[in-house]
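**Q** Below, each chain spelled out in residue letters.
2 protein chains.
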Amino acid sequence: MDIVEITREIIDIGNLTTRVTSPTCGAISTFLGTTRNNFQGKKVKTLEYEAYEPMAKKEMQKICDNIRDKWSVENIALVHRIGDVPITQASVAIVVSSPHRKESLEAVQYGIDTLKATVPIWKKEIYEDDSYSWKENSECCEI
Amino acid sequence: MDIVEITREIIDIGNLTTRVTSPTCGAISTFLGTTRNNFQGKKVKTLEYEAYEPMAKKEMQKICDNIRDKWSVENIALVHRIGDVPITQASVAIVVSSPHRKESLEAVQYGIDTLKATVPIWKKEIYEDDSYSWKENSECCEI
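Protein chains in written order, with this note's numbering: chain A, 185 to 327; chain B, 185 to 327.
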């Protein structure tokens, strides 16, 4: 099962893990990208994400398909939050279950690397002095 | 901060993630080892883990220390459940936060590989026909 979602709500990692859990699996690997309080020496107040949703979901689904081509995994969740994402909260979650650990660990690493490179999501970094800058996802090296 | 725990309770991954979260981090990576319903063609009913706790915690702390020698990470949680662990529930959780994603992803993979190899925890596989076998952690290839 693939879960591909874009949401404006807090990502509930406990709930997402439960949805990906399978009785045939011995492993669940997860990556969360969280808002950090600093970027290149500047204090960050919050992040704001925007997406062209149909295209973003299409690219996220492609990542799931590619994972299934490469590894034997059971369930995959790719969730991206948009709108304001305050410090310490997650903007992106990737959760993968697999019978054996190697597959889900590798799939999660591939998933976040590819999501950063291909999914059209823009990020506004808002600094403590209320200045800001917009960046494409692929330019964001904070995670 | 290092969290090193052995517990007989259900591992609450939402709570553990919150404890590892840091405002200075953009990444949280997690591995969960869960009880699978089959092993080498046999149907598994449940798993039962036992540990020599002082030694197991010492080895788990060593894994945290080694992670800190190798990668720049913020918080590490290594939690192993003992006693009965029913199908789909987690026996082990490794959660690592880091400023950038590469570090926590690599640290989690190292953590589970090393835990399987070095931590003295034994596992009783109880099959559907009520037969069972005891194994050392390092012999368990189910995850």
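Warning: the hint list may mix true and false statements.
Each pair may be met inside one copy or between any two copies, as identical chains are not told apart.
To be verified - With a straight-line Cα cutoff of 20 Å, these simulated SDA-like cross-link-like pairs (lysine to any residue) come out:
id: 1; residue 1: LYS242; residue 2: GLU309
id: 2; residue 1: LYS229; residue 2: ALA301
id: 3; residue 1: LYS300; residue 2: GLU290
id: 4; residue 1: LYS229; residue 2: GLN245
id: 5; residue 1: LYS226; residue 2: ARG192
id: 6; residue 1: LYS286; residue 2: THR298
id: 7; residue 1: LYS254; residue 2: GLN293
id: 8; residue 1: LYS226; residue 2: TRP318
id: 9; residue 1: LYS286; residue 2: ASP297
id: 10; residue 1: LYS226; residue 2: THR208
id: 11; residue 1: LYS286; residue 2: ALA301
id: 12; residue 1: LYS308; residue 2: PRO207
Bear in mind the hints are in silico, worked out from the structure with no lab data behind them.
**Q** All hints, please: hold or fail.
**A** Results of checking the hints against the structure:
no.: 1; hint: LYS242 with GLU309; result: neither (25 Å within a copy, 42 Å between copies)
no.: 2; hint: LYS229 with ALA301; result: neither (25 Å within a copy, 43 Å between copies)
no.: 3; hint: LYS300 with GLU290; result: both (16 Å within a copy, 18 Å between copies)
no.: 4; hint: LYS229 with GLN245; result: neither (31 Å within a copy, 35 Å between copies)
no.: 5; hint: LYS226 with ARG192; result: neither (26 Å within a copy, 44 Å between copies)
no.: 6; hint: LYS286 with THR298; result: both (18 Å within a copy, 13 Å between copies)
no.: 7; hint: LYS254 with GLN293; result: both (13 Å within a copy, 18 Å between copies)
no.: 8; hint: LYS226 with TRP318; result: within (14 Å within a copy, 54 Å between copies)
no.: 9; hint: LYS286 with ASP297; result: both (17 Å within a copy, 10 Å between copies)
no.: 10; hint: LYS226 with THR208; result: between (46 Å within a copy, 12 Å between copies)
no.: 11; hint: LYS286 with ALA301; result: between (23 Å within a copy, 15 Å between copies)
no.: 12; hint: LYS308 with PRO207; result: between (40 Å within a copy, 18 Å between copies)
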